[in-house]
Each structure stands twice: as structure tokens, then as C-alpha cells.
Amino acid sequence: MTEQQLDVPLSFEGTRAIGATLGSGAVIVFDDSADLKQILLRIARFFRDESCGQCVPCRVGTVRQEEVLHRLLTDRKDSDVALLSDIAQAMRDASICGLGQTAANAIASGLTQLMVING
Amino acid sequence: MAERVFVGLPKRFVKVSIDGVEMEVLEGATILDACRELQIDTPTLCQLETLTPVNVCRVCVVELEGSRVLVPACSRKVEAGMKIQTDSERVRHSRRLVLELLASSVDMSLCSYSVSGWMARYGATPGRFGENVATVAQPVKIDNDLYVRDYSRCILCYKCVEACGVDAQNTFAIGVAGRGFDAHISTEFTTPLPESACVYCGNCIGVCPTGALMFKSEYDMRLAGTWDESAQTMTETVCPYCGVGCMLELHVQDNSIVKVTSPLDHSVTAGHLCVKGRFGFQFVQKRK
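Respectively, the protein sequence lines represent chains B and G. Here the first sequence stands for residues 299 to 417, where the numbers follow the numbering used here. Here the second sequence stands for residues 776 to 1063, where the numbers follow the numbering used here.
Mixed in with the good hints, there may be bad ones.
[Unchecked claim] Interface residues of chain B toward chain G, partial, derived using beta-carbon atoms under 8 Å:
no.	residue
1	Leu334
2	Glu365
3	Leu381
These are computed hints drawn from the structure, not numbers from a lab. Where a beta carbon is used, it is the ideal one built from N, C-alpha and C, also for glycine.
Whole structure, please, built from the sequences with the hints as guidance.
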């Protein structure tokens, strides 16, 4: 979320209302010198690493999400944005556990913020 | 007086609705059982009648009213009042993506025809993830004379692990090692098969849906370009080795046995054999 959205209750409902997710309640603050693209890639890498590998949507989905995001951040293509959202929906709907079901949330909201910041 | 036999408690029927069709299903049945009763062709990869459902492939998912996420038809049991959609936009989307994710990372060319049928039905185009994407491609493991392991074809359906474990063989020679995309089927400490606990029953080959596990005889013939299923006949017989009475299906090409299977629905084997029935057929074709 951006500076303008900071006045929000730290609750599931509050964060959901502004298109963010509460996760485990941790808040990390970045100043404007942080490279948001690298942070997003770091999050994608995190979910790829944390996938246990049991179900297909999460095991392969988190890998494809990182690959597509990598492409997207160097060369923005609408087809890749759509692909990312396709992967996200399948992970959310068909993964066994909460990790796969939420692995796309931070990426999606981060990408939205990136587009807001970069116009 | 004859001895009393406990036949179990009577089972009830539960009412569910599938794609708008109201039906009654015996309690304890899965959504997949109900779908099959209605003759709704439901894709499955990790499901097999003779194995405990592991619901990992997620290709059978259906939409259940009131559920936040889709549910696996293969393992979710029917409950009274369930309203299920098997062909909604969400279901089609997830089934399509699961097939695309698998086919973009695994060589699925030896899967049954039904898999390509599902790919077509759900419009799966695995190539859309791009060209330089991660795959499980790797060299074939050939370390014994009976069967080969080509894990570039492995979709991690867990069937071999289950057949090697409590669902059939109780040998526990293989399991899933590693995590995430690196998860793979392995013997203990990745030892070669001859040094592992494997007893070469071949029951893992019998349940493998992708050709990752294959008779060495089939592998060699495929490599030589002589494997021709249309030229093969199948002869049913009973295993001659012991008195159990396992039913064998001898797959014969050019008057030689090239593969031995057993039917899944056979009361004695449930598709499973031992090393003798599965691989001990050379004496039949020893010609003097």
C-alpha cells in the first residue's frame, strides 16, 4: 500500500477493503529509495521456495508466476499481465493450502501499486 | 443356529445436486463417484480406484456452492444438500491451468488419449508460458534390467509411492524427496534401484499414468522404433508360479511377450503382481 492508504485498520476487513492482504499481520516499511520491482521478485521467489510441491497449481504455479513476473518487469506486455492473473486465479481456486491460495495476492497488489506509482 | 455375521450398518442415501440435476448418492461416495454415475466425464490424473485418494493433481476440481475454493471431486465425500457445478467458468479455468502447468513442465506425450482430449476440451495451450521455462527434463534412469525411470515424464501424482507403500506392496522403496518444484520421486538416499529396498514387483509401473515408469522391454523397443501397440495382442492367463491365482494379461508383439499387466478390477490382484508374475516370463519364449 502507498502512503495515502496508511490510515487503515490492521484487520482482515480493513486491508481487504483497499485491495491488500493482512497475511500474518507483519508490516514492512520501504522508503522511496527501495526498488519495488526487486521487492516483488523477492516475494515471488519466497513463495516459490516455500511451496512444498504437493499440488500442481502451487508447485508449478509459483515457478511460472516468478518467470512471468521477471519478464513483465523488464518488458511490460499486456499478455503477460493476463497470464499472471490466469495463474493467480488457478492457484487461488485449486491449491490445497493457504500458501498456494495466497501466493499471488502480494504480487497482484504490488503490481497494481507499481502501475499507480509509474502511471 | 448359524453364526451371526455382522454386515455393517445400513447406508443412507444423501441428496445432492450436480449441474442442476438432483440425485441421490450412497453416503460415503465421493463427488467423483456421483459425477461418474451421471456420466459426466471428469478429468483425473492422480486418482485410481485401487489407491487412496491423494488429491494432489487438482485437475478434478469442481465448484461447490458455499465453498471459498474449488474442491477435489476425487476425495471430497458427498454431503446432503451439496450444490455442485462441474463445468462452470471457474472449474474450466482451473482445469485448463492445471493441464497447462503440467504440460509446460513435464513430457506428457505418453499419457493416455483422454489427457489430450481434456487438453482440447479446456483449450489448454502449454506454450503460452513462454519458451525458456523451467521443466523437469532430465536423463532417463536405467540401472537394472527390468524397468526404467524417466522422471522427465513424472507429474508427481504419487501413485507409484502409494502402490509401493500401504496401498499395495508395503515395501516403501520410494517416496517424494525435495520440495517445491524440486520435489521428485526417489529411493532412499537416491541409491540406484538394485541397492534400494525395491523388490521389482513392478506395481509402480502398473499405476504410472505418464510412462515415466516403463518395462525395460518396452523402453528398448520404443528406442529402436519397433514398439507398435496396434500390432500387439493381449492374452489373459493365470500366473503359473504359485497358488494365489493372479490373473495376468500378456501383451504380445511378434510372438514375444513385451509387457505383463493385471486388470485393476480383478478380485485377486487389484492390478498388482509380484516380480515373478510381472517379469518372470522369459522361459515362455526360450526357443531351442
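Note to self: Holds or violated: the hint that B/Leu381 contacts chain G, with Cβ atoms closer than 8 Å.
What the structure shows: This interface hint holds because 7 Å falls under the 8 Å limit.
Next item on the list: Using Cβ atoms only, decide whether B/Leu334 comes closer than 8 Å to chain G, and label the hint accordingly.
Entry: violated (23 Å)
Next item on the list: So, B/Glu365 near chain G? Judge it on the closest CB pair being under 8 Å.
Entry: This hint holds: B/Glu365 lies near chain G, its Cβ roughly 6 Å from the closest one there, short of 8 Å.
In summary, the one numbered hint that this structure violates is 1.
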